[in-house]
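Protein sequence lines, in the order shown, are assigned to chains R and C.
The first sequence begins at 1 in our numbering and counts up by one.
The second sequence begins at 1 in our numbering and counts up by one.
Just so you know, the hints here were simulated from the structure itself, not pulled from any lab data.
Just so it is clear, CB atoms sit at the ideal spot from N, CA and C, and this is done for glycine as well.
A few of these clues could be false.
Here are the simulated DSSO-like pairs of lysine-lysine, each with C-alpha atoms no more than 27 Å apart in a straight line [what the hints assert, rightly or not]:
1) LYS156(C) with LYS63(C)
2) LYS63(C) with LYS24(R)
3) LYS24(R) with LYS12(C)
4) LYS219(C) with LYS12(C)
5) LYS181(C) with LYS63(C)
6) LYS94(C) with LYS106(C)
These stretches of chain R come out as covered by chain C in the derived footprint (C-beta under 8 Å, 3 or more residues) [as the list claims (entries may be wrong)]:
7) 9 to 22
8) 65 to 76
9) 85 to 97
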Amino acid sequence: MSNPAEQNTEWPLWEVFFQPSNGKPFEHAGSVHAPDSEMALQNARDTYARRNEGIAIWVVPSDQITASSPEDRGPFFDPANDKAYRHPQFYSVPRAVKKRK
Amino acid sequence: MDTQKQLDDFQKRIDNGETIEPKDWMPERYRKQLVRMMSQHAHSEIVGMLPEGNWITRAPSLKRKMVLLAKVQDEAGHGLYLYSGTETLGVRRKELIEDYIYGNAKYSSIFNYPTLTYADICVIGWLVDGAAIVNQTMLAKSSYGPYARANLRICKEESFHKKQGYEMLAKMASGTPDQKKMAQDAVNRWWWPTLMMFGPNDSDSPNSAELIKWGVKTKTNDELRQHFVDRSVMEAEAIGITLPDPDLTYNEETGHWDFGDIPWDEFWSVVKGDGPMNRERIKARRKAYEEGEWVRKAAKEYAHKKSLEKAS
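Between the sequences and the hints, there should be enough to build the whole structure, so can you do that?
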């Protein structure tokens, strides 16, 4: 925008994660703008948890997140593909044992 | 420049029903169309607080006041989900907001109509939010992940909005003769503008085909509008309200309700800025934005001061 001094008043962006219920892993919900972590938490609650959508919230400065890039998806996850021995199906079990489940 | 191979691969992903995420490759035009559409949607949610906020202090009972407050707060939330989603496309929120209050960005023309009585609040819930549900249910399946997820969240709350309005209108429509008249009058004024919310007819909607090709939308304006009309006819009848269209007739062949001509001249004049409340709405938004400037500054300064205290 035209005025760089004014631009500074925009609050930083925070990514919001919440835990839907006890025992569940945290999920990404969206983002909020806030001047500090305390207000980020409050804004996240008002924006993403008005109806008990979560029992706990994390906020993380958006610029602190490092993400894998989609172009590298193939090579990046490749090492997982050629190690069949990591899966239980790779091993044989005597028939009698198998039957018992 | 986007190469043909990139475009083909992208189209293949869309046709396979894959979801596009922020860091994925996408055609520049897809990104542009999404920024336009998502930010317009966000602005509409925010400006939509004004016609309803108008009645908070004069709600007929404490219960209705609590309901309306919660609903208006939800609208703010919807705006925020959508701005948050739009920012994933690499635009800044400040730019989006300023493009709307000082620039040319559009918002839904429905919010340029005044709310004259409390019956209008009932009808906004029933018709305007009802139409929004039809549209947003489709958008919850949009090909762009953050947009789809924002709409899914919105839909969950929107049905509360619609039901509170419909219930309130039903009550008013079964009240005293004056109340009945008030309810019917509000429906008469909001019906046609609500039908315009779905946008121009397919034949006049240049963006539609492209948005459908890219899976941003999955149904056309006219399909959504028809679905809404069919539902509204039944809902109006159930509470003794008459929809102000003498041409409404059930078509045995199509299984749908045929309806009269939409006053498109009015639609285009409102879109161009000449609706009854266009100037008032933008004035209110500018006032809120400018008068909030010191709050944003102060909060930022306070956060800075606290971080210094922590460091020392």
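Hint check:
About 22 Å separates the Cα atoms of LYS156(C) and LYS63(C), which keeps this hinted pair within 27 Å; it holds. Of the pairs offered as hints, the one joining LYS63(C) and LYS24(R) is violated, with about 35 Å between alpha carbons and a cut-off of 27 Å exceeded. The suggested pairing of LYS24(R) with LYS12(C) is violated, with an alpha-carbon distance near 35 Å, which exceeds 27 Å. For a cut-off of 27 Å, the pair hint linking LYS219(C) to LYS12(C) stands: about 19 Å separates their Cα positions.
Distance restraint check for LYS181(C) and LYS63(C): the Cα-Cα separation of roughly 23 Å lies within the 27 Å cut-off, and the hinted pair is therefore satisfied. With a CA separation close to 16 Å, the supplied pair LYS94(C) and LYS106(C) stays within the 27 Å bound. Proximity of the stretch 9 to 22 of chain R to chain C, defined as three or more residues with a beta carbon under 8 Å from a beta carbon of that chain, is established by the 4 residues found. Counting residues of the stretch 65 to 76 of chain R whose beta carbon lies closer than 8 Å to any beta carbon of chain C gives 4, which meets the minimum of three for the stated coverage.
With a cut-off of 8 Å between beta carbons, the stretch 85 to 97 of chain R has 0 residues touching chain C; three or more are needed, and the interface restraint is violated.
Hint violations for this structure: numbers 2, 3, 9, all remaining hints satisfied.
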